[in-house]
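J.: Start from chain W and add chain G according to the hints.
2 protein chains.
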Amino acid sequence: MTTNLVNRRVVLAKRPKGVPVADHFAVEEAPVPELADGEFLVKCEYWSVDPAMRGWVNEAPNYLPPVAIGATMRSFAVGDVVASRHPDYAEGDTLSGMFGWQRFAVSDGSDVDRKITETDLPASLALGVLGLNGITAYFGLLECCEPEAGETLVVSTAAGSVGSAVGQIAEIKGCRTVGIAGGPEKVALCRESFGYDAAIDYRNENVAEAVKVACPDGVDCYFDNTCGPISDAVLTCLAQGARITICGTAALTDWDPIPLGPRVHRQLLVARARMQGFLVLDYKARYGEALAELADWVRDGRLAYNEHVLDGADAARGAIEMLYEGRNRGKLLVRVD
Amino acid sequence: MTTNLVNRRVVLAKRPKGVPVADHFAVEEAPVPELADGEFLVKCEYWSVDPAMRGWVNEAPNYLPPVAIGATMRSFAVGDVVASRHPDYAEGDTLSGMFGWQRFAVSDGSDVDRKITETDLPASLALGVLGLNGITAYFGLLECCEPEAGETLVVSTAAGSVGSAVGQIAEIKGCRTVGIAGGPEKVALCRESFGYDAAIDYRNENVAEAVKVACPDGVDCYFDNTCGPISDAVLTCLAQGARITICGTAALTDWDPIPLGPRVHRQLLVARARMQGFLVLDYKARYGEALAELADWVRDGRLAYNEHVLDGADAARGAIEMLYEGRNRGKLLVRVD
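Chains as they are written, first to last, in our numbering: chain W, 922 to 1258; chain G, 922 to 1258.
So here's chain W without its partners, still in its complex pose (with noise of 0.2 Å):
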């Protein structure tokens, strides 16, 4: 039944150095092939759009192996399943996995993140707040963070699918918090939509000044995205004790060889202060536990969100360079032609 049906899919053309642009990718179409015994199709509806895909381009070693020049883009999406020879997934299943930047996905389930049962809410929310992005923030604040009420939280990216989460869980748990965005818009929508006590716009503030005035006891947890001058702001302004995610790094656009900037070390023994790296695959076991209690907040209306929808394959081939340079507004998506 399926051997009609055209895959539309972006695959990676070129081996970029840094953030990946449209050149970097081509689209390009295929038949689906029969489903075998033990597979089923997922019709996507959404692609992701995350910062963590420039490390999958890149060659710099990472938790996962490089995508393969001509194959299709690893991705996150949201889909349907329209057919299926699989006993555990059937048809009208919503989905959500590492189903590529593809229209149609064969999957023998290994791919599948979850079934998506909070059929009361958007699909398109289990790639973001209902997603990895929001299970990130959950775990890499509380898990490594560690918040505790009264202590002040700053967040880099603030604005952004993670940052938004992270200050909003923060506010949740009695912190007070400081989000760090780039643009009066991206700052409005910090203090508007987000609750954040206070707001810094990087391209406009001194950030370290900034962060000193809004941190006036210090910075007890800093959960980064940046890894970059903002990070190294924050770093002056840490109070003891303090405890820092490293959870992406978005302003250092290669790594290869490791780019320079001002040591830590000092900064972190005189707060003994403790910096972490996250990865939300480490906590898959505890997926379910996140996500429970974010769509709990999602209904309440404590945890806000934003989308930014692409259309279509081809705007998808420009849109981690788009991320990167900080156009989007909300979580991107792109949403399936």
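Since the hints were derived computationally from the structure, they do not count as laboratory data.
Quick reminder that beta carbons are idealized off the backbone N, C-alpha and C, glycines included.
Derived DEER-like restraints, expressed as beta-carbon distance ranges:
hint	chain 1	residue 1	chain 2	residue 2	range
1	W	Pro1105	G	Ala947	52 to 60 Å
2	W	Arg1250	G	Lys1133	42 to 50 Å
3	G	Asp1203	W	Arg1250	38 to 46 Å
Now the stretches of chain W that chain G is said to cover, found in silico as 3 or more residues with beta-carbon under 8 Å:
hint	stretch
4	1179 to 1188
5	1192 to 1202
T.: For chain G alone, coordinates are given in the frame of chain W:
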């Protein structure tokens, strides 16, 4: 009874930038004041020379205010109570404490670390393996690195007074231990006196390559006393979930402005590693716990130590520089003249 005593002491004569040398200190004599009620007089037997003393004389932010110009150099020391008007301290008690580089210290007890009770062992050990060096190794390793049996530990300044204890405690805990030290003599010490499974000479080997060979499964625990190029090399070899204790910054002579180095963020992220600043003073309430176990290990011969003793106040003036140049062979002490 104390009026005729002469207090010979080493004072800070000039404010250094970086490592203080002999010229930054002066030796002077002063009368010993009469004791007031609640005070006692300590005659110092040994002064300690510690890497932290560089931080104490520099103006950069630190965990203690800088030593004032003209003031007695702050230091740990061990000595005997020779007169007392304090109910808790009696003539003949042996104490360790922050008595400074002076022959006689008038104390009200607030600068005392402890009364030395392990009278079967040399009193000088209270400045080394049974003092803050040993306690630093104990808590910095066990609480921050959290080593588990079968894991691989790397320690820099591996033949030093802290490092050698770290390596031996890790071995007691069932780790494979790799020491990094400077020069063939110290490397031989690591292998022969301190029982490291492997030892690397950072002056004559490529550290990153040597660590890769010595740690084929990666570095699980790294106890760092250097925070310079050696640290940078070890960070290229982290195992997943690695824990790094930042204990000292011996490799870098100046922190103002903050020196540049390779950014650690992505290495921490890829390895999901943790880097944590450690200051032994935070564990003050638990020193007894460490000392009891350390003293038992010394008595059992499982915890070896070396001492390097300089003679008198004039030798003390160049002692911190000697330490930073790595010219000492064991815990550096000054026998008080």
